[in-house]
Amino acid sequence: MTDIAVSEKELEGILRDLAGRVMEAMESWHDVVFIGIRSGGFLLAGNVVRRIQEKIGKAVPLGALDIALYRDDVHRRPFSLEVRSTDIPFSVNDKKVILVDDVISTGRSVRAAIDHIVDLGRPKRIYLMVLFDRGGRELPIQADFVGKHVDLPDEKVIKLEAGPDNVSIKDVVVSEVKK
Amino acid sequence: MNWPHKDLIAIQNLTADEIGHVLDMASSFKEISKRDIKKVPTLRGKTVVLLFYEPSTRTRLSFEIAAKRLSADTVALSASGSSFSKGETIMDAAYNVMAMAPDCIVIRYPSAGIPAKMAELLSCSVINGGDGFHEHPTQALLDMYSLKEHFGRIEGLTVAIVGDIMHSRVARSNVYGLVKMGASVVLVAPKTLLPPGVESWGASVTHELDPVIPEADAVMMLRVQNERLNERFFSDAREYSIFYGLNRKRVEMMKDGAVIMHPGPMNRGVEITHDAADSARSIILDQVENGVAVRMTLLYLSMGGTANVD
Chain A
5 MTDIAVSEKE LEGILRDLAG RVMEAMESWH DVVFIGIRSG GFLLAGNVVR
55 RIQEKIGKAV PLGALDIALY RDDVHRRPFS LEVRSTDIPF SVNDKKVILV
105 DDVISTGRSV RAAIDHIVDL GRPKRIYLMV LFDRGGRELP IQADFVGKHV
155 DLPDEKVIKL EAGPDNVSIK DVVVSEVKK
Chain B
13 MNWPHKDLIA IQNLTADEIG HVLDMASSFK EISKRDIKKV PTLRGKTVVL
63 LFYEPSTRTR LSFEIAAKRL SADTVALSAS GSSFSKGETI MDAAYNVMAM
113 APDCIVIRYP SAGIPAKMAE LLSCSVINGG DGFHEHPTQA LLDMYSLKEH
163 FGRIEGLTVA IVGDIMHSRV ARSNVYGLVK MGASVVLVAP KTLLPPGVES
213 WGASVTHELD PVIPEADAVM MLRVQNERLN ERFFSDAREY SIFYGLNRKR
263 VEMMKDGAVI MHPGPMNRGV EITHDAADSA RSIILDQVEN GVAVRMTLLY
313 LSMGGTANVD
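Chain order of the listed sequences is A and B. Note that the numbering used here has the first sequence beginning at 5, numbered continuously upward. Note that the numbering used here has the second sequence beginning at 13, numbered continuously upward.
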């Protein structure tokens, strides 16, 4: 069973709101970079960055982070997770990093992402942006910018789907987790 | 794709999809070696034992660096200087190592079949670092990765493998892998250095190098093992070099974009001259660099999940 968590119109409103709140929080842009967790977080980050760039009229660096090698369940899953590439074409040293993920729940992915980022350098600060906060934290981690709080049973997963251009968000899909 | 193998013994055991999966994933692991902090925590707490019953520099160092970059602990043992040289059988040695609870054993052994036997009898992962004249699967995977990195594909490439095919596990593993991935392979060697049954490998075979050179996208030179010089497989190093060596003249005959490969260690002046080894066409050091990424991938795949652990 699948259904759409938010309408296209509501999603557009949330993305604009997230971009607006980041712009309010940042005093200047010279040291701000976005890093999205593959794959949903990177997709979301691209959409937020595009909206910010349109407003401020300059490029904001965007990188992609793959956290498979930093997860704490490497040896608890039946098979090795797919490893995709981390692609961060800039230094994170002394930067304000806005770390982006599509959904936060336990906080374990964010923990892995932070560990990965500090292996790449020493940022000045790391902020966290998520589209959906579904609660259920198992680590003391909170997001600075949340699109929407949602209440979902554990067996449901939320996933962002890219459009045919691989850049826009086509759908937000909620589905039953495969057991 | 789920990786269904506890061990890596032979390219013959892998499907084309599985080979493709390793090659795709290896680029992600390559990026790690370019960071300031060249280490990820993935295999923290895992122990990798390197058992080398034959001399090795590249393979052993490459495995050790690969394991360390994944945060695994490594212990390297070579036959000389250990009690393996006191007459203990290889399986006794293996059970003793196993009693110390390693998660993976990388084994190089002078005769074929020992890694497969160990994989069958031991619960940890076993990776073949070269067994006799059988296979050297990680070398073939890094060679295929290097080809794919350079050309963007393997399918449709023509790869010439030149030299002592008979005694070469590198040649066997490469032929099996390249053929599975859709390349055409030409084996070039004197009759005395071709094993019986070579026709069944799926490669074409010739004794003449010059006609092959302009056709090949990659020319892979095999090391002439010094010990073979005395075994009358060919008259002498000079003659071998004239007929089967890669020299400047032959490099100039190569087609545009074609590359030179060698699994190392090179015998400069025998199978390859300085001109060829150091030419702009050489991707020999890329092969070494890629070896670390490919071995990181294989260690991760072999030890990463619970399904492979008893």
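Read the hints as simulated data drawn from the structure, not as lab findings. It should be emphasised that the depicted structure is a prediction, and the values quoted were computed from it without experimental measurement. Any given hint might turn out to be false.
Below, a list of computed lysine to any residue pairs in the SDA-like style, where the Cα atoms sit at most 20 Å apart [unchecked claim]:
1. B/K50 to B/K18
2. B/K51 to A/K163
3. B/K51 to A/D35
4. B/K50 to A/P168
5. B/K129 to B/N108
6. B/K46 to A/D76
7. B/K42 to A/E86
8. B/K18 to A/S95
9. B/K50 to A/D35
10. B/K50 to A/R138
11. B/K51 to A/M27
12. B/K51 to A/D77
13. A/K13 to A/I130
14. B/K50 to A/K13
15. B/K51 to A/R138
16. B/K51 to A/G139
17. B/K50 to A/I118
18. B/K51 to A/L85
19. B/K50 to A/S95
20. A/K152 to A/G139
21. B/K51 to A/K152
22. A/K128 to B/D48
23. B/K51 to A/D76
24. B/K51 to A/K13
25. B/K42 to A/P168
26. A/K128 to B/S83
27. B/K50 to A/K163
28. B/K42 to A/L124
29. B/K80 to A/R75
30. A/K163 to A/R138
31. B/K46 to A/P168
32. B/K42 to A/R75
33. A/K100 to A/K152
34. B/K46 to A/N97
35. B/K50 to A/F83
36. B/K261 to B/R280
37. B/K42 to A/D35
38. B/K80 to A/G50
* Hint check, failures only -> Violated: hints 1, 2, 3, 4, 6, 8, 9, 10, 11, 13, 14, 15, 16, 21, 24, 25, 26, 27, 31, 33, 35, 37, 38.
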